[in-house]
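Start from the sequences and build out the full structure, keeping to the hints where you can.
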Amino acid sequence: MIFFCFSQSWSFDLSSVSSQTKRAEFESGFSSYDSKTGEIYLATSAVVRQIDSNDFILKKISSQEILVKSEEGKIIMKFPFVMEDSSGTIKAQSGYYDYLKNEGELKNGTFKLGRFIFRGKSITVKEGRYSYKSASLTTCDMERPHYRIGAHKILLSPGKYFLAYSTVFYLGKVPIFYFPFIYKPLGEGTPILSQFYPGYDERNGFYIKSNYIYKFNKYSRAKLFVDYFSKKGLGTGTEIDYYKPEKNISSFSYYRIREYGKDSQRWGINGGMWHSFPMRNSSAYFQTYARLLSDPGFNNDFFRSNPFAVSSEKQAGAAFTYNASKTNTRLSYYVKYLAVNDNSSFVRAYETAPKLDFNTVPLKPFGVPFWNTWNFYIENAKNDTPYYQTSAYGAWTVSLPVKVYKSFNLYPSAFYYQNVYFSTSSRMSDSFIGRYGTRINARKTNSWGSLDLDFYSLRRNAQNKMRLDKTAADKGVEKQEISFSAFWIRNSASYLRFSGAYDLRDYSSSKKFSDRFMPLSLEIYNSGKNKEIFLQDSYDLSSGNKSFISQVNFGDDKDYFGFGLANYDSEKSKWIVSNSMGFVPPIPGKWRAEIILRYWTDFSKEGFKAGFFEKSAVIYKEFHDFRTKFNIRVREGVKEFFVYLTLKMNDPYRKDELSSKADYFWRPWRKPGEPRD
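Per the numbering used here, the very first residue in the sequence shown carries number 1387; after that it's consecutive.
The hints are simulated quantities; they were obtained by calculation from the structure and are not laboratory data.
Check each hint, because a few of them may be wrong.
Straight-line alpha carbon distances no greater than 25 Å define the calculated SDA-like cross-link-like pairs of lysine to any residue that follow [stated by the list, open to error]:
| id | residue 1 | residue 2 |
| --- | --- | --- |
| 1 | Lys-1455 | Thr-1430 |
| 2 | Lys-1455 | Phe-1416 |
| 3 | Lys-1960 | Gln-1937 |
| 4 | Lys-1477 | Leu-1444 |
| 5 | Lys-1750 | Asn-1714 |
| 6 | Lys-1617 | Asn-1692 |
| 7 | Lys-1460 | Thr-1510 |
| 8 | Lys-1712 | Val-1747 |
| 9 | Lys-1546 | Ser-1517 |
| 10 | Lys-1546 | Leu-2044 |
| 11 | Lys-1830 | Ala-1800 |
| 12 | Lys-2057 | Ser-1596 |
| 13 | Lys-1917 | Ile-1981 |
| 14 | Lys-2001 | Val-2020 |
| 15 | Lys-2015 | Tyr-1533 |
| 16 | Lys-2015 | Asp-1527 |
| 17 | Lys-2047 | Leu-1610 |
| 18 | Lys-1617 | Lys-2025 |
| 19 | Lys-2034 | Cys-1526 |
| 20 | Lys-2015 | Leu-1610 |
| 21 | Lys-2025 | Ser-1691 |
Laid out in structure tokens, this is it:
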């Protein structure tokens, strides 16, 4: 028997087909019910609502026509429909939903979940999870999205995560790159962020650099680097950060590449660790650091924004430090290599393994009226020798501050240093050299700064003797000078410092007054709203200017101008200039540009000469859904262009406290948001 209804809204008990629902409500302009088959036909603005026992709408389906097979618990939509629930809204061309099994299949559907838009030719729904085939996703709500990520399959669990397989990133209709999978949490977790840098440089050819970033928790994060260079091959690396300042601050980065036609790998290691050991009345910590490279030019070939692009040295060290209330003990290892052969390789210049340091704070033992400080170390070290040499050092300093007036103080001190060198060869014998001296500092302080007048004398004994080394050219007087320093401070953003020293040593040949005066130093700093000025000059009365360094910056972080100028007495006719400029051009759209020029000018007798150290430009463009950065860099051995693109949907994960603090501690040269050098 078939019943017909017009413009009706009525309910049907679904307790037999759904343990989660007491009833369903049907609404339509026309409806019919077949009591034999249990089929309900709804047409003209048909709506089905799944309602729980608390009258809460769990799911709503709207279409022009809907067929409900009540005995099977199925709702069939042969025409375009909209399905809404707490997770979001799906629009599809056709499909069915099974109330009994809480599953369904939709054709040519679109699902809006927060800022994400998922599409698929076929969508399978099962227990609140969605499986998309021939799928795509985007965060662009334009009719023609600026970008989309096509995927063979997407698994979506609303409020938890989505996982896309075999993905291709499209900019408009243009495919840009392929990636095997993309994972992104939609709840409390963090995604695996992927970033790509296509580019070209003269040495490495066309390349694409890629980063994959995962944050394990609020303290730790890992990055994987996978790069391909058409002329050089595949490069891979990693960067791991852990930042919990009360306990451990660690960073480790490693990168390697075996260039085409080369038998050996090129590599770089950077980072270190600081780990604190909790103690009640003392403290202890272990620390390491490393900046190691296979060759001096490694960074310049692959990490050109690194400040050590062409490194003249590499080094590494480790130390354990124990701080008691009045002493400090440190056991350490250190090695340093210097570049040789026109910066083509490294040789070891110095190594200490190990070194033991012991220091005290100023003490007054046995009730003496003056302060005593002791410093000691013993080490095994290699300089230019193939074997270790053992040496020791001890120092005792006695001091007694004297308050002459409320703003005038004297700080006199006397000291004795002892160096001991232990024999490591039958051709050598143990030896020692002692040094002693005094220092008297007079300081006047007031509201605008301080004035210091300092006398310092350092004398050296003859080797293995307790008497002055008068037979040496300096007659055993290594230093004897009087110095002054004036420090004016206007506020925390402005200061001026002026200092100099005069040599008082007795020379066999008379020295002029100007020769005895050591270089005078002047330093000025001033900063304020949108400005910063720094100037430093060193002047020798006998030979003229030793060095001049200045830097002037105006503007904010987007519109700015910087000018730096430097000159050194090693090449007095040559001036080094550094210009930086950032501006927002007067054109529609969110554009921004930065330009850096570093060059030299030479006003020698042979005529005027000039040349560039580096030329670079960066253009930023912000689109509706993503940001781009176009980089051009030219310097000796480097001609490079690359593009950086990041999606705005990654902003909540890209700008986190862990990234900023770890970069500030280990990599302060990186700009905010830069994931790598």
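Query raised in the report: Is the Cα-Cα distance between Lys-2025 and Ser-1691 25 Å or less?
Result: holds (13 Å)
Query - Pairwise hint evaluation, Asp-1527 against Lys-2015, where the allowed Cα distance is 25 Å at most - result: holds (23 Å)
Query raised in the report: When you check the alpha-carbon spacing of Lys-1460 and Thr-1510, does it fall within 25 Å?
Result: holds (14 Å)
**Report entry** Agreement of Lys-1617 and Asn-1692 with the hint, judged by alpha carbon distance not exceeding 25 Å
**Finding:** OK: Lys-1617 and Asn-1692 at ~22 Å, within 25 Å.
Requested in this report: Assess, step by step, whether the Cα of Lys-1477 is no farther than 25 Å from the Cα of Leu-1444, and give holds or violated.
Outcome: holds (17 Å)
Query - Straight-line alpha-carbon gap Lys-2001 to Val-2020, limit 25 Å - result: holds (5 Å)
Report task. Measure nothing beyond the straight line between the CA atoms of Lys-2015 and Tyr-1533; if it is 25 Å or shorter, mark the hint as holding. Result -> The given pair, whose Cα atoms are some 16 Å apart, holds under the 25 Å limit.
Query raised in the report: Quick one, are Lys-1917 and Ile-1981 close enough, alpha carbons at most 25 Å?
Result: holds (18 Å)
Report task. With a cut-off of 25 Å on the C-alpha distance, tell me whether Lys-1750 and Asn-1714 pass. Result -> holds (17 Å)
Query - Restraint check for Lys-1617 with Lys-2025, where alpha carbons must lie at most 25 Å apart - result: holds (14 Å)
Query raised in the report: Is Lys-1546 close enough to Leu-2044, meaning Cα to Cα at most 25 Å?
Result: Given that 25 Å is the threshold and the Cα spacing comes to 23 Å, the pair holds.
Requested in this report: Compare the distance between the alpha carbons of Lys-1830 and Ala-1800 with 25 Å, and conclude whether the hinted pair is satisfied.
Outcome: holds (21 Å)
The structure agrees with every numbered hint stated previously.
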